[in-house]
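Working from the sequences, and respecting the hints, build out all of it.
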Amino acid sequence: AQSVTQLGSHVSVSEGALVLLRCNYSSSVPPYLFWYVQYPNQGLQLLLKYTTGATLVKGINGFEAEFKKSETSFHLTKPSAHMSDAAEYFCAVSIDNQGGKLIFGQGTELSVKP
Amino acid sequence: EAGVAQSPRYKIIEKRQSVAFWCNPISGHATLYWYQQILGQGPKLLIQFQNNGVVDDSQLPKDRFSAERLKGVDSTLKIQPAKLEDSAVYLCASSPGLGPYEQYFGPGTRLTVT
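Here the protein sequences come in this chain order: A and B. Residue numbering for the first sequence follows the numbering used here, beginning at 1 and increasing consecutively. Residue numbering for the second sequence follows the numbering used here, beginning at 1 and increasing consecutively.
Keep in mind the hints are simulated off the structure, nothing from the lab. Ideal placement from N, C-alpha and C gives every residue a C-beta, glycine not left out. There may be inaccurate statements among the hints.
[What the hints assert, rightly or not] Just a few of them, taken from the derived set where beta-carbon distance is under 10 Å, the chain A residues facing chain B: (1) A54; (2) H75; (3) L102; (4) Q106.
Encoded structure:
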């Protein structure tokens with residue numbers, strides 16, 4: 001069975017500092033990997049996704065993530081945090097033969113201090 | 001392009017009462033998902049439709065939850081009778097088809113069962 005683990009339910013950074021949100025997955029077959037962001041009282045919005053090809057994926061708002069098969073990881077990074085990045089971030093995995101359903105991690109709340 | 005619409009946004013009911021949620025996906029999207037998001041957790045898939053057929057309802061508590069998408073467009077999720085543990089945000093998402101497509105999420109319905 002597939003699963004996703006996000007290390008750290010809360011991460012706090014200063015404005016301008018590096019953002020690093022960790023995600024590890026478990027899958028017996030090649031996975032598709034996603035990062036979604038959720039702002040308060042809103043639905044989820046796709047930041048980026050990995051399906052095949054280049055392992056370094058760039059997304060919206062300056063975020064990027066690198067798929068590392070040997071480490072079963074898909075960590076999300078941003079070089080310089082902005083106050084508007086404060087939100088809940090979810091890593092998710094999807095398997096090709098399961099119709100596209102997403103299995104989410106428990107989420108990481110990112111706080112950005114001025 | 002209009003996004004995924006959900007109503008109501010908020011609902012408070014007493015345990016053992018019934019409740020229904022409505023979702024209208026993005027026009028042309030064949031695949032529709034209902035997720036349950038309990039506070040502090042990532043969303044969990046309840047049911048997935050492809051047009052008006054069910055693809056996956058393995059996580060749907062069928063003794064109390066039901067869902068339909070009769071005309072392959074909008075969908076209704078019902079809970080009868082509700083339990084305290086059903087308090088959660090119910091998210092509807094849609095995508096163009098089966099597979100690792102981006103899922104577009106609605107704002108969700110926040111259900112409180114007292």
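Hint check results:
| no. | hint | result |
| --- | --- | --- |
| 1 | A54 | 15 Å, violated |
| 2 | H75 | 17 Å, violated |
| 3 | L102 | 7 Å, holds |
| 4 | Q106 | 5 Å, holds |
The earlier numbered hints that this structure contradicts are 1, 2.
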